[in-house]
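Undergrad: Each protein sequence line maps, in turn, to chains U, W, G and F. Residue 41 is where the first sequence starts when you use our numbering, and the numbers rise one by one after that. Residue 41 is where the second sequence starts when you use our numbering, and the numbers rise one by one after that. Residue 41 is where the third sequence starts when you use our numbering, and the numbers rise one by one after that. Residue 41 is where the fourth sequence starts when you use our numbering, and the numbers rise one by one after that.
FYI, nobody ran anything at the bench for these hints, they're computed from the structure. Bear in mind that the values here come from a model prediction, so they are computed numbers and not experimental data. All C-beta atoms, glycine included, are put in the ideal place defined by N, C-alpha and C. Just so you know, not all the hints are guaranteed correct.
To be verified - The calculated label-pair distances, taken between Cβ atoms and stated as ranges, are:
# : chain 1 : residue 1 : chain 2 : residue 2 : range
1 : W       : Pro282    : G       : Thr215    : 44 to 52 Å
2 : G       : Pro42     : W       : Pro42     : 56 to 64 Å
3 : W       : Gly197    : U       : Gly63     : 31 to 39 Å
4 : U       : Thr109    : F       : Gly63     : 51 to 59 Å
5 : G       : Ser102    : F       : Gly117    : 52 to 60 Å
6 : G       : Phe176    : W       : Glu279    : 53 to 61 Å
7 : G       : Ala275    : F       : Leu107    : 26 to 34 Å
8 : W       : Glu279    : F       : Phe169    : 33 to 41 Å
9 : G       : Gly240    : F       : Gly63     : 18 to 26 Å
Here is what each chain is made of, one letter per residue.
Protein chains: 4
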Amino acid sequence: MPHPLDEARYALALANRIVAHEGVLDGFGHISLRHPANADRYLLSRSRSPELIEPSDILEFSLDSKLITAGDFLPYGECVIHGEIYKARPDVRAICHHHSSAILPFCITGAELKPMNGLGSVMGAKVPFWDSRDEFGDTPMVVTTPAQGASLARALGPHSMVLMRRHGATVVGATIQEAVFRAIHTHRNAELQLRAATLGEASPLSTGEAEMACAYSLRERPMGRAWEYWTTRLAKAGEMPPKIV
Amino acid sequence: MPHPLDEARYALALANRIVAHEGVLDGFGHISLRHPANADRYLLSRSRSPELIEPSDILEFSLDSKLITAGDFLPYGECVIHGEIYKARPDVRAICHHHSSAILPFCITGAELKPMNGLGSVMGAKVPFWDSRDEFGDTPMVVTTPAQGASLARALGPHSMVLMRRHGATVVGATIQEAVFRAIHTHRNAELQLRAATLGEASPLSTGEAEMACAYSLRERPMGRAWEYWTTRLAKAGEMPPKIV
Amino acid sequence: MPHPLDEARYALALANRIVAHEGVLDGFGHISLRHPANADRYLLSRSRSPELIEPSDILEFSLDSKLITAGDFLPYGECVIHGEIYKARPDVRAICHHHSSAILPFCITGAELKPMNGLGSVMGAKVPFWDSRDEFGDTPMVVTTPAQGASLARALGPHSMVLMRRHGATVVGATIQEAVFRAIHTHRNAELQLRAATLGEASPLSTGEAEMACAYSLRERPMGRAWEYWTTRLAKAGEMPPKIV
Amino acid sequence: MPHPLDEARYALALANRIVAHEGVLDGFGHISLRHPANADRYLLSRSRSPELIEPSDILEFSLDSKLITAGDFLPYGECVIHGEIYKARPDVRAICHHHSSAILPFCITGAELKPMNGLGSVMGAKVPFWDSRDEFGDTPMVVTTPAQGASLARALGPHSMVLMRRHGATVVGATIQEAVFRAIHTHRNAELQLRAATLGEASPLSTGEAEMACAYSLRERPMGRAWEYWTTRLAKAGEMPPKIV
């Protein structure tokens, strides 16, 4: 019988590979998971490209983003994004930070991301915009200090996703499946909004439609069907993470 | 000698995989087939992503979308789309409901989909537009009640394809090959219309050209050549459905 | 020692597969070759999608597009495109007719295709535009009569490529390598011109540059390097045609 | 223990394959490396498409682009690009010349390439523009004479990348990893800038952000993570160069 922590490490490696395989993550970006038994810790890979992550790469951090796992591991420079959001948002159990090619045009132009169809509504009622320049002036465009992470967490507020000006996006979820579902379907919504911009004025969902569609999409059935779909696609590509032995 | 129902189940699994492999269906959407021996029933997979469907997933439904197949199966939430169209259109033997990335920009902007070339003309003389808001106000952007399915069927009317505002499209066919051909080539026509929009004003086929090209394209030869092409591509990718044993 | 006709049939199957693999041909379209020993005949596959063609599919036709090969074979409906051009242009030894996704936006809008870079200049100094409506009114958007083929050949005139309104393109070459090179690199030039249209006014090659670059590109070295590249890519994908035994 | 020159030849073959696999190089374009033991020489493949290059294809040249390696090898027509830049820029140890589909729209329209995000800032503070017409009038759009190579090197000046009007780009690096990183991430920045142009006015990095982000991105950690990522992707695709035996 597998240990819950081992299961969590495997699930996290799998989630990273799924989100990379579906084109949201590339060589950079990362997904974390709150520790299944200790809400004051979170799990995150050592610094490695998401599609390469193995369960043995998963490290344990305090919410102050201090590395707990013993050994000579190099963490991601931006791990504070995860720690500061877990601190501010007890309801959040998984976080994905990425720089998807469909989301970045919104981060660059400031165009508002809006729910274009039912699945896109999982972005939530509002997607706030965070610009590191507002509080920190010129930076190397990475979130590496606790103060920067906390500022981003404040911008996220009670929402499910935050766009980061000239940088990327961070999405959260109540479960790892939800964070993955939200990362992939908001990426696809952005792709749609981009393509529709060629044709004319988009007509997004009404507030009522978006609320109802979001609740409908985050039920067990569609999330389960999508998870089976993404996992099978990953397996067919020969990209599943190695089992923990 | 295979039973006609087994052949139908295999063909339906194959059709789902072809349309997914050609990029029209993704994790969601579905294709159905009228029962080969009983016009008051239709065949549709249990709730599963199209590229994963096996013949053993295919269930039988009444035209009121009651599940006939015994067992503990979870149907798609939107099966009423199929039942209500089969009720209203005795000439229809196959239906594909999808949310293709090329069609959705038209559903979002309301831009009119028009035949751009010979193969695109299989959309038919007119592609009506259905907006769930008109009759049902705010919904979770899915078609789950018989009344919604019947409304969509009325919007489809005698046509071959209906666009669903902020949702996707539903295409029908006199055979499963025709529904597949129409789903794929209208998707490709949409892609072309999108790309052409970057360059200038499109000059669509004339009414006469569209009628003649539609009749020409739906002959046995081009449909057969396309079916061989798509099946071979699927087989080369190692994605054929398992045989019924 | 292989027979020259067998070599020609193999080369023609290979050319069809290369141009399909590089994204110019899809389920439709075709490449032909003038008979190596008899200038009054040409070689063209039976009606089959290009990426599936085998040397044994290659048939022999007169320049009036009468099938010479004995047997029960179904030719392409549009074989007259090839026959009529071979009749009108003794210098032409290979022809590719296609409906590429990058060329079609030009055929739909009438936007002028221009040489954007050195390789794109192989389109030649001018790419004429043929509209079937001018002489034939409403048609099913296919070129199936000798009169239509002859009209297209007149529009092509002494040029290397002709765009067909709402239909596609036909490119010719002095060798099969040249026709393949021209089909692929004009497709890529079209792709570039489309993408550049998003950014602003394109600055095409000057007439002098285009002439010099066309001559430079059609030398043995770049054509040979490209042929090795495309063949190796096809082989790595496991898509080479079967050998003649 | 491998000889440093053998290691350099292997690394250069690998770099060519990586940059091709990531979509920057296609059938044309090339990467060179300054000789590890002799700063007056450089290494460059014989004329071959980048994704096919093997260590045994790597030739040695003087900075005047005379072939030093004995044997009957055909060099690239544009090797002077490399020689003249190595002459002018003692700090440069690797050079990539390419015609990427994302960069070319900038070369065609003259639109200014700007850093859109942290990784894109590796283009440097300024990307100069070189137009062969200015000094050489009509050419076949290739850089084949020492005078042309020297003119391009002057346009590059102290910068890291130069756009070549209606032709492509040349990027340099202090190491081969840096040249590869810059070639790939400036290509991706161009892709982003193109896509953002559909949505509205882009807001590039400030000068301060770009400087800090460039320095941050070119550290060992992100470059190493990217190198592992690209190499693993190449290996998974079965595309690694053969070992030197």
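Undergrad: So which hints don't hold here, by number, going up?
TA: Of the numbered hints given earlier, those the structure breaks are 2, 4, 5, 6 and 8, listed in rising order.
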